[in-house]
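J.: Chains A and B are the protein sequences, given in the same order.
Residues 1 to 538, numbered by the numbering used here, are exactly what the first sequence covers, in order.
Residues 1001 to 1120, numbered by the numbering used here, are exactly what the second sequence covers, in order.
Heads up, none of these hints are tricks.
Here are the in silico distance ranges between beta carbons for each label pair: (1) A:T280 with B:R1073: 58 to 68 Å; (2) B:D1076 with A:K497: 18 to 28 Å; (3) A:G425 with B:D1076: 38 to 48 Å; (4) B:G1116 with A:D464: 48 to 58 Å; (5) B:E1039 with A:S192: 45 to 55 Å.
A partial selection of chain B residues facing chain A, derived with a Cβ cut-off under 10 Å: (6) T1003; (7) S1027; (8) I1057; (9) N1058; (10) S1059; (11) I1062; (12) L1069; (13) S1085; (14) H1087; (15) Y1088; (16) I1094; (17) T1095; (18) D1099.
Keep in mind that the hints were calculated from the coordinates and are not lab data.
Keep in mind the model is a prediction, meaning the values are calculated, not measured.
Beta carbons are placed, not taken as given, at the ideal position from N, Cα and C, and that holds for glycine.
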Amino acid sequence: MAALTRPFRRRFLKRGRAGADAEPVGQIQAGVSRPRQTPVEIAPNDPLLAYLQAASEAVDVDALDLDSPALRELKEAGVKLAVPLVSQGELIGVLNLGARLSEQDYSSDDRKLLDNLAAQAAPALRVGQLVREQEAEAATRQRFEQELEVARLIQQNFLPKELPDLPGWQVAAYYRPAREVGGDFYDVIPLSDGRVAFVVGDVTDKGVPAALVMSATRSVLRASAQRLIEPGVVLERVNEHLCPDMPEKMFVTCLYGVLDPATGLLRFANAGHDLPYVKTADGVVELRARGMPLGLMPGMDYEEKEAVLQPGESVLLHSDGVVEAHDPNRDMFGFPRLKETVAGAPGGQELIDRVLADLDAFTGPGSEQEDDITMVTLQRTGGGATRAPSRNGRLLAHFELASRPGNEREAIARVEEAVAGLELGEARVQRLKTAVGEATMNAMEHGSQYRDDRPVAIRVLQADDSLVVEVTDRGGLAELAAPETPNLEAKLAGEQKPRGWGLFLIEKMVDEARVTGEGGQRTLQLVLRLQGGDDGDT
Amino acid sequence: MATRELEVQVRQRGDVSIVDLTGDVDSSAEAALQRGYDEAAASGGPVVLNFAGADYINSTGIALIVGLLAQARARDVQITACGLSDHYREIFEITRLADFMTIADNEDGAVSGAEGSNHA
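For reference, chain A alone in the conformation it holds in the complex:
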């Protein structure tokens, strides 16, 4: 009887007068002289159940001797005859009869009649029970499906409708909800300065509650992303917003990164989410940054890190639905397998396709997806012709500076530090410093218009035979005037403004200076040849 299921037991728990109950009738009590309408509860482990099921004919209650609480109750209720209703070998009800009104015992004819009645009534009763059960189940299922549909709608409504087209980059995303819609989400947020924010997150819990928390998280993230530059500060702000209203035992893991498409600089912070993988020429590495999930407690700090994606490199942001998928033996897909797949694929959409193929092969055919699966990939496809010196270069420094007057001094100091090991000679270092200062000022003033939210990015690269300093601003591609030789006579005569020396100086200070632009970015490349560079000569 251990296998008794709840629906079975429920049939013996019907209350109220026989026949007056709208639910399937479990026990019909008839002819009881002292009408007592409360049916007797028969516990699933009561030996009476086994006895009735095996009896398959009317049972004389008074003659029974079982250690059965239900039997005692039946006797107390004045039940004389218990007629088991058995359908397909399963006890589905009991017909309980009290003493005959005539006060005679039940005759063998009576019993035969009752057994015949029971044999015919049982299947009919079973059909009735099944219909009721199915109706109830259908209603529950429908409510559940409707809820899932709502959750699905919320989720899908908040996923990006399209991905940005970034020159030199391939961006791909994939989202496949589990049947019970988890709380996964991703977002791609173009920022006003040409950079792009990438988000992959996962809300604990499933269904509508998770979907609602997800939509709230996404909205706060979007708003904060536009206002704040530092990824760590963005997550800090989102956490503060979410904490007061977060349902108990729910939280959100989230990876937030901001990519500068012009330079490949990715700054990121992580609120307890699975670590992204970067495929580099030297192997697959994880992007680590510490931080607690969002919505757990206020006042959290989020570590901020940065990485530079070189041409050919790619990043995979993913949700735990990938690594926590199980095979038929309940083994998990796991991080090592995912890392291996990342190592073997070039990146972009192809990486997503390979992960899905590996995952399907692992979980086996026809298996139901356990959790949402979300992936976002960023692949730097190539530098473009203008970036040729960067391709094989060794990155000596990469940093961003807020566009504030005077910050060119910081740029000069950091570039000087970065090239300290190259033995350029004092004169060339001085010229480089002046060129970097002028290029940075130009970028901050004319490109970024000294706006705090438009930082200037600087990369220092050592190629085979040259040193390259790239200064990138977000001026929306305002044309850079061609450096003309300033007319000093006209300036001295007051016919021209005394200014206008920056680009001229830059060109004179380095071996080559060129301007490139793509996607709202403008980069000034300063090139110093490393071979044959003499010292002190103009």
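Given chain A's structure and the hints, the job is docking chain B onto it.
T.: Frame of chain A; chain B shown alone:
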């Protein structure tokens, strides 16, 4: 590299006014530079700009010096520069400022040169 706002001191050596520039010659130097020049030029003699204490000169600083040079030419005031590092001397040559003002190796040379040309 910390920024250092330009400090300007003017002193006389004979007829020659020496303007000692200490700090950064950039956009923040405009007022101080103009004040120093006005004070030096008021004496009517040659002016020597002493860059020995100026560690940083950028294009805005060059523009300010061009501005001073234009004022000096309009009033026929002779300007000499001294104390420039090799690098900034190169920049004065590249920008052709050196064509319109004498670049002296040091202060003494600047003073004697200025006196000489003034008396000539």
